[in-house]
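K.L.:
Protein chains in written order, with my numbering: chain L, 1 to 314; chain V, 1001 to 1319.
Just so you know, these hints were derived from the structure itself, not from any lab.
Some clues are possibly wrong.
What the hints assert, rightly or not - Below 30 Å or equal to it, Euclidean Cα-Cα: the simulated DSBU-like pairs (lysine-lysine) are: (1) L/Lys288 to L/Lys262; (2) L/Lys290 to L/Lys149; (3) V/Lys1030 to L/Lys208; (4) L/Lys72 to L/Lys290; (5) L/Lys72 to V/Lys1030; (6) L/Lys23 to V/Lys1030; (7) L/Lys299 to L/Lys149; (8) L/Lys102 to L/Lys262; (9) L/Lys299 to L/Lys288.
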Amino acid sequence: MGAYEEIRANGVGGDLTAELLRKLASQVVRMASFPPPEGHDGWNSEAIDDLLANMLSQPGDGAKFILNCYLKAIDEPSLERLFLATIGNYLKDEAKSTPRGKLRRRLTGLMESDPRFVRVPASVSGTPSWALQGGPTRLWQGDLITLEKAAWAVRGASISSWNTSGPTSIATRTALLAIAHAVLTEAAGSVRDEDIARIVQGRFALLKPPLFTSLDADDFWLDPPAPTSDGPAEQIESVRRAEEIWACLSQTERSLLPHLGKPPREIAEVLEIGPKRAAVLEKALREKLKLATVDDHEKEDVVKYLFGLCQNRP
Amino acid sequence: MELVPCATGGVRDMTEVNESAESRFLAALKVAVAPPSVSSSFDAPPPTPAPGQIWRANWASVVELVLIRNVVGSNVSLVPASLDTDYADEATLVLSEDETSLSVSVAIWTGLERTLPMRILDRFVGRVFSDVTDSHWVFRAIEAERGVLGRLAGNPSDPLCEFRAIIEDSLDELAETALIPEGDNRLGSLIASSTLDMDALSRLLSIPIQQAFNLRRGQSPATGDQAELLAEHLGISVNEVLEANPSLPEGLITCLSDPHRRNQVYQLSILRQIPEPEAWSAAGYGTYALAARQTGEVEEPAWNERLDAYFNGILGRSQ
Chain L
1 MGAYEEIRAN GVGGDLTAEL LRKLASQVVR MASFPPPEGH DGWNSEAIDD
51 LLANMLSQPG DGAKFILNCY LKAIDEPSLE RLFLATIGNY LKDEAKSTPR
101 GKLRRRLTGL MESDPRFVRV PASVSGTPSW ALQGGPTRLW QGDLITLEKA
151 AWAVRGASIS SWNTSGPTSI ATRTALLAIA HAVLTEAAGS VRDEDIARIV
201 QGRFALLKPP LFTSLDADDF WLDPPAPTSD GPAEQIESVR RAEEIWACLS
251 QTERSLLPHL GKPPREIAEV LEIGPKRAAV LEKALREKLK LATVDDHEKE
301 DVVKYLFGLC QNRP
Chain V
1001 MELVPCATGG VRDMTEVNES AESRFLAALK VAVAPPSVSS SFDAPPPTPA
1051 PGQIWRANWA SVVELVLIRN VVGSNVSLVP ASLDTDYADE ATLVLSEDET
1101 SLSVSVAIWT GLERTLPMRI LDRFVGRVFS DVTDSHWVFR AIEAERGVLG
1151 RLAGNPSDPL CEFRAIIEDS LDELAETALI PEGDNRLGSL IASSTLDMDA
1201 LSRLLSIPIQ QAFNLRRGQS PATGDQAELL AEHLGISVNE VLEANPSLPE
1251 GLITCLSDPH RRNQVYQLSI LRQIPEPEAW SAAGYGTYAL AARQTGEVEE
1301 PAWNERLDAY FNGILGRSQ
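Generate the whole structure from the sequences, applying the supplied hints.
P.N.:
Written out as structure tokens, the structure is:
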């Protein structure tokens, strides 16, 4: 008898399920570079139990976890895959929570020191919000998607490193403020702090991952690349830009890069995924490259070097 | 009490971390229970598929939760469902936890509705408490505050697009793998053009001459076992032999697609160590071949009785 039979028989996990969860959690943390939970120096057995306790105690999500496994596992291997995806997604969400928090704090600090923005107190708009200096302060009541689209329309804004400590880099500062400005311009009024933060998080792929489905967009968080160094002063600008973009790509995106423009079925075979998913990933990567290079005068050189990286660093 | 900072900005009591990681984990695991209404449905004999029911679709290792909106013959009009609700798109209705028997919020992907063969339904899971046959049911559910729609993808890079595409790929795969080979009735000519005369065919398949005669004239289909022997002799694949069979009668397809038969198909797949879709085809052609031998082509056999006889013969009465 294994964990699958245990859950099927009782509708709840017991010793076998606990044992399997511990084994798989250890496997996931060994394969990636996730930090252990607060209070632990490394991934020992207490840290693993702490991780699993936190994962299962999330309000609402814990109950869904066993129910999803109960309903969708058809045998022991499929149960293991569900466990692995759920644990991996939880860890990715934890990894994202640090930059998410950092982003909110940085955004507030940056907007406070930029004269283009003005704070609208809760006494005026009913909730703490931001507006453009000299512009209207009426709180945005429309659909958030309108503001999200404005955020996505900002070209050339990308953030390749979240783990650097110290002051915010110029590129990151420019990117964050460009998005905030575009959102407030579109709103023609004030926008709640939390809405601006959510839009910026969405724009830079920092949203909470799904519970049970592994997305390529989140695989970047399995093993975030080291911060890109500024490199030697004589480094060609297009090479530096290509390296920056490369650092932002997930492993799947790097594999997909040489196949851009091919039919979804061909890409699906290369990546061993479904054709619809392949089409979405291909379109998303093209959009990502467009966003990253559209205002770049040396765009062709950047893209050329980027494609070269696919061969040099498979 | 020793407090340490958390990534989320708060603080955490270290005594809680040190002393109770194991007990917190085991306690959390103990309270994460599938609702009793779900576990009792899941293992009970399945109901007849009907609108409003949530089922697990499972075919050729593809597994999805689905909501039935309509039943037409041996097909069901269905909508995929997921417990992951944060990635619902603008056409997806997220029902609150009181609106289904699952007692958790569920995303109903109403924009991805399609019609698929009923045989993909594997287990009855629960039901939605709304009349889903009403063409405006989504609108009514929103109006009555029983659910909300998801969000529009902001851009092609929005991970919501990938999430939706994964569900679409699963549905496509279910549709593709659940297709029954359309028999083109070429089996007779395939055999006739080979070196197999009537005696050799009878010996090869260990069947009486009369049955060999029916096979060679294309009046009777080859069973899964016979297809394997013929495939080897003719130098073609088993599927090619099965596809050369006469098409399965619609009445037989309907009876064998009923979820009540699913457990028998599963048992057959275990017994023969073959995938369930293959076991389904073997049961279909096995029953058809048996019926063709016994009744000829003059009348539509009582397929459920024939299927009972087929499964009883192979699985025994203890099934």
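K.L.:
Within a Cα-Cα threshold of 30 Å, do lysine 299 of chain L and lysine 149 of chain L meet the stated pairing?
P.N.:
With a Cα-Cα distance of about 24 Å, the restraint between lysine 299 of chain L and lysine 149 of chain L holds, given a limit of 30 Å.
K.L.:
Does lysine 1030 of chain V lie within 30 Å of lysine 72 of chain L when you go C-alpha to C-alpha?
P.N.:
19 Å, holds
K.L.:
Given the hint that lysine 290 of chain L pairs with lysine 149 of chain L, test it: the Cα-Cα distance must not exceed 30 Å.
P.N.:
15 Å, holds
K.L.:
Quickly compare the C-alpha distance for lysine 288 of chain L and lysine 262 of chain L to 30 Å and report which way the hint goes.
P.N.:
17 Å, holds
K.L.:
Is the Cα-Cα distance between lysine 72 of chain L and lysine 290 of chain L 30 Å or less?
P.N.:
38 Å, violated
K.L.:
Straight-line Cα separation of lysine 102 of chain L and lysine 262 of chain L no greater than 30 Å?
P.N.:
39 Å, violated
K.L.:
Can you confirm whether the C-alpha distance between lysine 23 of chain L and lysine 1030 of chain V stays at or below 30 Å?
P.N.:
It holds: about 18 Å lies between the C-alpha atoms, which stays within 30 Å.
K.L.:
Is the straight-line distance between the alpha-carbon of lysine 1030 of chain V and that of lysine 208 of chain L 30 Å or less?
P.N.:
25 Å, holds
K.L.:
Could you grab the alpha-carbon distance between lysine 299 of chain L and lysine 288 of chain L and see if it respects the 30 Å cut-off?
P.N.:
13 Å, holds
When the structure is compared with the earlier hints, violations turn up for hints 4, 8 and for no others.
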